[in-house]
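S.K.: The residues making up each chain are set out below.
Number of protein chains: 4
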Amino acid sequence: MRRLRLGMVGGGQGAFIGGVHRIAARIDGQWDLVAGALSSDADRARASAADLGIAEDRAYTDFAEMAQAEAARADGIDAVAIVTPNHMHAGPAVAFLKAGIHVICDKPLAATPEQADQIAQAQKDSGKQFILTHNYTGYPLIRQAREMVARGDLGEIRVVQVEYAQDWLAEETSGKQADWRVDPARSGAGGCVGDIGTHAFNLASFVTGLRAQQLAADLQAFVPGRQVDDNVHVMLRFAGGARGMLWASQVAVGNENALRLRVHGTKGGIDWAQENPNVMTFTRFGEPKQILTRGGAGSSAAGTRVTRIPPGHPEGYLEGFATLYSEAAALIRHVDQGQALPEGHHVLGIEDGLQGMRFIAACIASSRGDGVWTPLG
Amino acid sequence: MRRLRLGMVGGGQGAFIGGVHRIAARIDGQWDLVAGALSSDADRARASAADLGIAEDRAYTDFAEMAQAEAARADGIDAVAIVTPNHMHAGPAVAFLKAGIHVICDKPLAATPEQADQIAQAQKDSGKQFILTHNYTGYPLIRQAREMVARGDLGEIRVVQVEYAQDWLAEETSGKQADWRVDPARSGAGGCVGDIGTHAFNLASFVTGLRAQQLAADLQAFVPGRQVDDNVHVMLRFAGGARGMLWASQVAVGNENALRLRVHGTKGGIDWAQENPNVMTFTRFGEPKQILTRGGAGSSAAGTRVTRIPPGHPEGYLEGFATLYSEAAALIRHVDQGQALPEGHHVLGIEDGLQGMRFIAACIASSRGDGVWTPLG
Amino acid sequence: MRRLRLGMVGGGQGAFIGGVHRIAARIDGQWDLVAGALSSDADRARASAADLGIAEDRAYTDFAEMAQAEAARADGIDAVAIVTPNHMHAGPAVAFLKAGIHVICDKPLAATPEQADQIAQAQKDSGKQFILTHNYTGYPLIRQAREMVARGDLGEIRVVQVEYAQDWLAEETSGKQADWRVDPARSGAGGCVGDIGTHAFNLASFVTGLRAQQLAADLQAFVPGRQVDDNVHVMLRFAGGARGMLWASQVAVGNENALRLRVHGTKGGIDWAQENPNVMTFTRFGEPKQILTRGGAGSSAAGTRVTRIPPGHPEGYLEGFATLYSEAAALIRHVDQGQALPEGHHVLGIEDGLQGMRFIAACIASSRGDGVWTPLG
Amino acid sequence: MRRLRLGMVGGGQGAFIGGVHRIAARIDGQWDLVAGALSSDADRARASAADLGIAEDRAYTDFAEMAQAEAARADGIDAVAIVTPNHMHAGPAVAFLKAGIHVICDKPLAATPEQADQIAQAQKDSGKQFILTHNYTGYPLIRQAREMVARGDLGEIRVVQVEYAQDWLAEETSGKQADWRVDPARSGAGGCVGDIGTHAFNLASFVTGLRAQQLAADLQAFVPGRQVDDNVHVMLRFAGGARGMLWASQVAVGNENALRLRVHGTKGGIDWAQENPNVMTFTRFGEPKQILTRGGAGSSAAGTRVTRIPPGHPEGYLEGFATLYSEAAALIRHVDQGQALPEGHHVLGIEDGLQGMRFIAACIASSRGDGVWTPLG
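Residue numbers (UniProt numbering), protein chains in the order written: chain A, 1 to 377; chain B, 1 to 377; chain C, 1 to 377; chain D, 1 to 377.
Simulated from the structure, these hints should not be mistaken for lab results.
Where a beta carbon is used, it is the ideal one built from N, C-alpha and C, also for glycine.
It is possible that part of the hints are untrue.
What the hints assert, rightly or not - Derived DSSO-like pairs: lysine-lysine, alpha-carbon spacing no greater than 30 angstroms straight-line:
1) B:Lys-128 with B:Lys-98
2) C:Lys-98 with C:Lys-124
3) B:Lys-176 with A:Lys-267
4) C:Lys-128 with C:Lys-98
5) D:Lys-128 with C:Lys-176
6) A:Lys-124 with A:Lys-98
7) B:Lys-267 with A:Lys-176
8) C:Lys-176 with A:Lys-267
9) D:Lys-267 with B:Lys-267
10) D:Lys-128 with D:Lys-98
11) C:Lys-267 with D:Lys-176
12) D:Lys-98 with D:Lys-124
13) A:Lys-98 with A:Lys-128
Claimed, not checked - Taking beta-carbon pairs under 7 angstroms as the criterion, some of the chain A residues facing chain D (in silico):
14) Ile-23
15) Ile-27
16) Gly-29
17) Asp-32
18) Thr-173
19) Ser-174
20) Ala-178
21) Trp-180
22) Glu-256
23) Asn-257
24) Arg-260
25) Ala-273
26) Glu-287
27) Pro-311
28) Gly-316
Turn these sequences into a full structure, and let the hints guide you.
M.R.: Shown next as structure tokens:
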């Protein structure tokens with residue numbers, strides 16, 4: 001089985017998430033990185049490509065040129081990974097989709113609703129795949145949690161508590177990672193709510209299978225002079241009657257990357273935290289709490305399918321991310337042969353991206369409306 | 001130094017919180033229980049008193065009679081503990097205050113605002129002490145947290161996250177403890193919000209010293225047929241600009257008594273959970289997280305003052321409660337001699353009780369108003 | 001039911017364990033402290049007694065005088081608690097037993113085998129009760145663990161891992177608590193091994209019901225100039241084939257009072273740590289690990305019998321200790337009426353004390369013999 | 001920079017550790033797997049190679065043939081990974097070394113001392129690199145722990161506690177992974193002691209930099225009929241006076257892969273557990289315990305050098321293993337150019353392997369000698 005050929009837009013020297021995508025693409029041996037427009041700076045683009053063993057003639061400085069050139073090659077890329085700041089998603093996404101190349105794109109979908117719509121339209125017109133990397137859905141125990149909810153282990157869901165707390169933006173900061181995230185021109189109108197709030201919202205939706213109908217939000221920008229939110233309080237109402245709370249913060253001193261999800265139903269409850277992702281507690285009402293481990297006793301098929309090594313041998317963030325790349329590969333292999341994605345695979349796409357955009361928009365609208373309950377588009 | 005003489009209203013055989021108050025009163029050797037109207041059922045009152053070594057002539061069946069009789073005795077009680085359901089606080093509280101006897105009363109203050117006002121008026125008229133047992137304020141690390149916030153270890157407070165999750169009312173239940181809590185005639189209009197939401201709210205206020213100005217609430221009654229809320233979502237706005245979220249639930253399967261408080265400021269953050277109350281984490285921005293232990297390295301004076309045994313020897317719920325009884329004793333001894341309560345002592349009273357009543361009322365009003373931001377009285 | 005009358009030897013101002021015994025005796029309302037020889041220093045004895053509300057005529061400075069005087073009173077003490085350093089156990093224990101008064105005594109039994117034998121002989125001659133306060137046996141989950149082992153939940157026991165780590169003697173220290181513990185004339189030949197090693201050994205024996213037959217030990221005195229061991233490594237062989245390891249240390253920097261017991265059998269394993277004593281994990285082979293809580297779902301009768309408050313409301317060190325006082329009271333009440341102690345009660349006595357002395361002696365002998373396997377007396 | 005070419009011996013379909021090596025080799029993009037003798041079964045060898053994209057002419061069934069053929073190719077492999085059961089290390093290791101090809105080999109070094117010596121001799125004769133994959137040394141916090149000890153953060157080391165507990169062999173089992181591990185002909189005379197005891201021993205040595213001089217061991221085979229040990233108790237004496245305990249077990253029900261290391265010195269103590277490898281606690285004597293995170297505040301250079309992603313984004317077992325492959329690549333690149341390995345890199349080799357063999361031999365000898373203190377070769 002040949003490896004698929006991957007291109008990348010963004011992710012040059014000094015970037016963070018580009019390197020993550022590359023490791024994720026390597027872990028399961030499904031992809032080779034063969035082309036890139038890694039930076040809009042020509043020197044950096046070239047140097048970055050050389051570091052990565054990309055041939056000189058496939059080290060582009062312009063994504064549009066790259067889309068054309070790769071589409072024209074017999075050995076052109078099967079898919080491109082877009083790992084630029086939010087406002088730079090739509091341009092390359094549309095270009096590659098139009099060129100007939102599948103797109104793997106970091107979240108959130110775009111910086112503005114208009115950009116999001118452009119991507120959606122291009123995807124629809126092209127018939128090519130658009131794959132959104134909400135990477136936390138790749139954790140085995142998150143897959144297991146989803147399966148447990150779906151098969152009724154928790155009964156009817158009542159309460160969803162999700163939070164995503166960081167502290168790295170607690171003070172005025174500068175640097176490649178921070179700058180664009182606090183600049184509305186590049187991040188979009190949402191700051192924290194877009195950057196990590198969307199992850200939290202997506203995770204709650206993914207695990208519970210519930211659609212949020214309304215939210216009431218209170219957004220703050222605590223750091224003086226900050227133009228986007230850095231702390232987000234949201235109350236949620238889901239279809240079917242479940243309720244939730246969502247907290248996202250980039251100023252919560254004492255937190256590194258504390259994404260946590262709790263779901264409580266009539267029959268059971270689960271609790272999972274990303275920083276130690278190989279364990280999840282599960283309580284059946286009236287019974288002792290259980291510690292479920294990735295791949296351990298009591299694992300569900302959905303969880304073990306995406307598990308590489310035995311329990312007690314921790315898998316982490318990169319493995320979860322790698323699962324998205326392996327499932328993207330599976331999707332592309334199958335659709336290229338006119339087949340459906342096998343059961344148990346989960347690939348997030350345009351609709352999930354639009355749902356994230358609606359979440360951001362609703363949070364901002366509700367907060368500006370002094371917390372009025374606001375529908376999600 | 002003579003022990004103070006304690007009477008009790010409520011707390012007969014089969015009760016829960018009455019037994020807790022009694023142990024709490026014994027632990028530090030400041031009180032002797034010498035009188036009681038332990039039940040309105042005469043037989044049970046007598047039998048309960050006998051169990052506890054209360055003399056027959058001080059085993060009352062009527063609190064009004066008890067107030068009169070004890071006030072008339074040379075060796076009458078110094079204070080009475082009221083440990084009845086919420087709707088039965090005001091009657092005895094007013095009676096004992098009018099009889100010139102200090103009152104120690106379980107929370108919340110009362111079942112209705114009217115009852116609360118009656119107590120407040122009686123306290124004012126009598127000049128006697130009214131002591132409210134928000135027992136979680138008695139934990140040494142909570143005292144330390146308060147001191148740390150007050151002296152600026154956390155900088156300016158930005159975000160307060162407080163939650164109190166239980167699951168014992170996740171299904172329709174019956175029994176002495178459950179029945180009155182889900183009966184609005186006895187618990188008041190608030191269910192979960194009054195029973196444990198007030199604890200969470202009080203704890204957040206106590207530690208941060210911040211006054212909540214507004215809240216937006218979404219209350220649910222998940223168990224079919226339940227007449228009071230059993231799950232409570234609240235967003236908070238504090239004077240000075242801090243924001244908070246409060247979650248209280250009695251249907252969150254997998255939780256026993258999971259009260260947790262997190263406070264994040266410009267310079268630091270703390271995290272404390274009641275079920276393992278002898279540790280608290282503290283992070284100074286940019287430094288490794290510290291695990292502070294009750295009485296351990298780095299303890300504050302406020303924490304060690306109410307600590308009985310060395311770190312590593314866990315104190316629990318009853319010791320925290322006992323601190324309230326010891327501070328009540330200190331208060332009574334000092335005021336009886338015209339002195340002020342020594343520094344470092346904290347006794348909650350009428351104002352804290354009224355604040356809790358305002359919290360309940362605002363939650364209910366906001367929730368009925370579809371989450372409108374509602375001032376706290 | 002009248003409260004029993006307690007006397008105390010040792011425990012004057014500045015002492016640690018005496019205060020613990022007094023709180024423990026108060027918690028369940030079974031005892032009144034009415035007499036004491038709290039210090040050999042007359043002034044301190046008097047002042048300490050006054051602090052505690054002991055009548056002047058029962059504030060003794062000499063334990064022998066106290067034994068005589070209390071035995072002669074109609075309202076004399078039912079039992080005496082001996083809370084002096086190790087070398088001061090035998091004198092008062094023998095005196096009170098000879099005077100016909102039950103003895104409650106801190107561990108280890110004595111500083112020397114000779115003293116231990118004197119106590120044993122006096123107990124035998126008197127027919128009075130001798131109760132040894134290995135307080136960690138009073139924790140509800142330890143009772144539950146014992147019951148679980150006894151009823152076969154763990155299958156046949158194979159491996160026992162017990163450790164008790166502290167760091168407060170990591171440097172040369174001085175002070176009332178430290179001084180006598182590192183002075184062989186007062187602590188006995190064992191330092192750490194006697195002070196906390198005996199607790200660890202007792203706990204392992206209590207929970208498993210297994211008798212240690214042989215041990216191989218390596219004792220160290222790490223702090224320069226220290227005359228007794230401060231770190232203890234032991235391998236154990238139990239009757240029936242189980243094996244164990246025991247580590248006790250008072251120089252393990254980073255530990256406050258870290259007593260931990262793990263027991264592994266053919267069918268299951270448990271793990272309990274004293275610093276958070278309200279939880280214990282239990283794994284049935286091939287099933288997810290369970291978190292058992294004190295009094296929570298799946299609690300055994302043995303555990304709930306000694307539990308005062310609901311799960312999630314933590315009980316601690318003092319409550320565990322209090323259970324020993326309540327069971328001592330139960331024992332005395334029953335034997336005084338010619339009855340057997342009710343099922344489920346556990347009172348440790350002379351034989352447990354002698355077993356502890358044999359453990360100390362075997363550790364020292366083995367270590368001096370370069371780790372030779374040494375029988376336990 | 002070209003990727004290095006990797007071959008593999010063992011690791012065909014159904015194997016465990018071979019797949020781990022392959023992922024580890026891919027993660028950092030330093031290696032391409034291009035040749036293999038993946039199984040001695042010809043069909044399985046071919047099929048396994050095809051799965052992995054290995055060209056047909058480099059899918060060997062015989063390691064000796066592979067060594068010859070690869071040595072003869074201009075594009076021959078730079079190194080071979082040997083991932084066979086213990087008794088099959090020496091044959092291929094000697095063959096590839098003699099053929100002038102670097103060897104990466106799983107632990108323990110060999111099944112017998114004779115085999116170990118053969119490898120050592122072949123390595124010496126060839127001048128080629130022999131790299132032993134004690135993968136737990138690759139964890140960033142283990143690197144940091146080593147650096148902290150080396151620079152004196154813990155003071156003089158006194159006590160080392162290391163344990164490695166599993167339960168997967170608690171019953172008689174069968175299967176590809178279990179079979180050879182309990183067969184002395186394939187595993188060597190040591191069972192658990194060789195399989196995981198060596199990891200624990202190596203980790204303690206790696207972090208502390210201390211050489212174990214003597215040990216006293218008690219080995220058991222609990223499962224009826226088992227011919228090798230499955231539970232290992234060891235006391236250790238290190239050069240310089242530190243002491244240790246080591247517990248390894250494959251029958252400790254309730255443990256998946258519970259490798260834990262604690263080191264206590266005169267000034268500080270650390271505690272690290274492999275199952276959540278992104279945190280380590282560190283206590284300076286007299287100060288609050290700190291939670292150090294991989295790459296977080298207070299990270300050392302040694303730890304951050306081998307860290308790929310920010311703190312709070314967990315890395316796991318595969319990333320730690322990958323660091324060994326990246327450092328092996330660095331070593332090969334440097335020695336091939338006559339340069340020394342850069343500072344901060346750690347590659348374990350023959351001497352570490354021999355030390356592991358001496359550990360196994362000493363444990364067996366001591367245990368057979370009833371626990372006599374036995375020097376380590």
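S.K.: Each hint: holds or not?
M.R.: Going down the list of hints, with the structure as the test:
| no. | hint | in the structure |
| --- | --- | --- |
| 1 | B:Lys-128 with B:Lys-98 | holds (9 angstroms) |
| 2 | C:Lys-98 with C:Lys-124 | holds (10 angstroms) |
| 3 | B:Lys-176 with A:Lys-267 | holds (24 angstroms) |
| 4 | C:Lys-128 with C:Lys-98 | holds (9 angstroms) |
| 5 | D:Lys-128 with C:Lys-176 | violated (63 angstroms) |
| 6 | A:Lys-124 with A:Lys-98 | holds (10 angstroms) |
| 7 | B:Lys-267 with A:Lys-176 | holds (24 angstroms) |
| 8 | C:Lys-176 with A:Lys-267 | violated (55 angstroms) |
| 9 | D:Lys-267 with B:Lys-267 | holds (28 angstroms) |
| 10 | D:Lys-128 with D:Lys-98 | holds (9 angstroms) |
| 11 | C:Lys-267 with D:Lys-176 | holds (24 angstroms) |
| 12 | D:Lys-98 with D:Lys-124 | holds (10 angstroms) |
| 13 | A:Lys-98 with A:Lys-128 | holds (9 angstroms) |
| 14 | Ile-23 | holds (6 angstroms) |
| 15 | Ile-27 | holds (6 angstroms) |
| 16 | Gly-29 | holds (6 angstroms) |
| 17 | Asp-32 | violated (10 angstroms) |
| 18 | Thr-173 | violated (14 angstroms) |
| 19 | Ser-174 | violated (17 angstroms) |
| 20 | Ala-178 | violated (12 angstroms) |
| 21 | Trp-180 | violated (16 angstroms) |
| 22 | Glu-256 | holds (3 angstroms) |
| 23 | Asn-257 | holds (3 angstroms) |
| 24 | Arg-260 | violated (12 angstroms) |
| 25 | Ala-273 | violated (10 angstroms) |
| 26 | Glu-287 | violated (18 angstroms) |
| 27 | Pro-311 | holds (5 angstroms) |
| 28 | Gly-316 | holds (4 angstroms) |
Violation of the numbered hints given earlier is confined to hints 5, 8, 17, 18, 19, 20, 21, 24, 25, 26; the remaining hints are satisfied by the structure.
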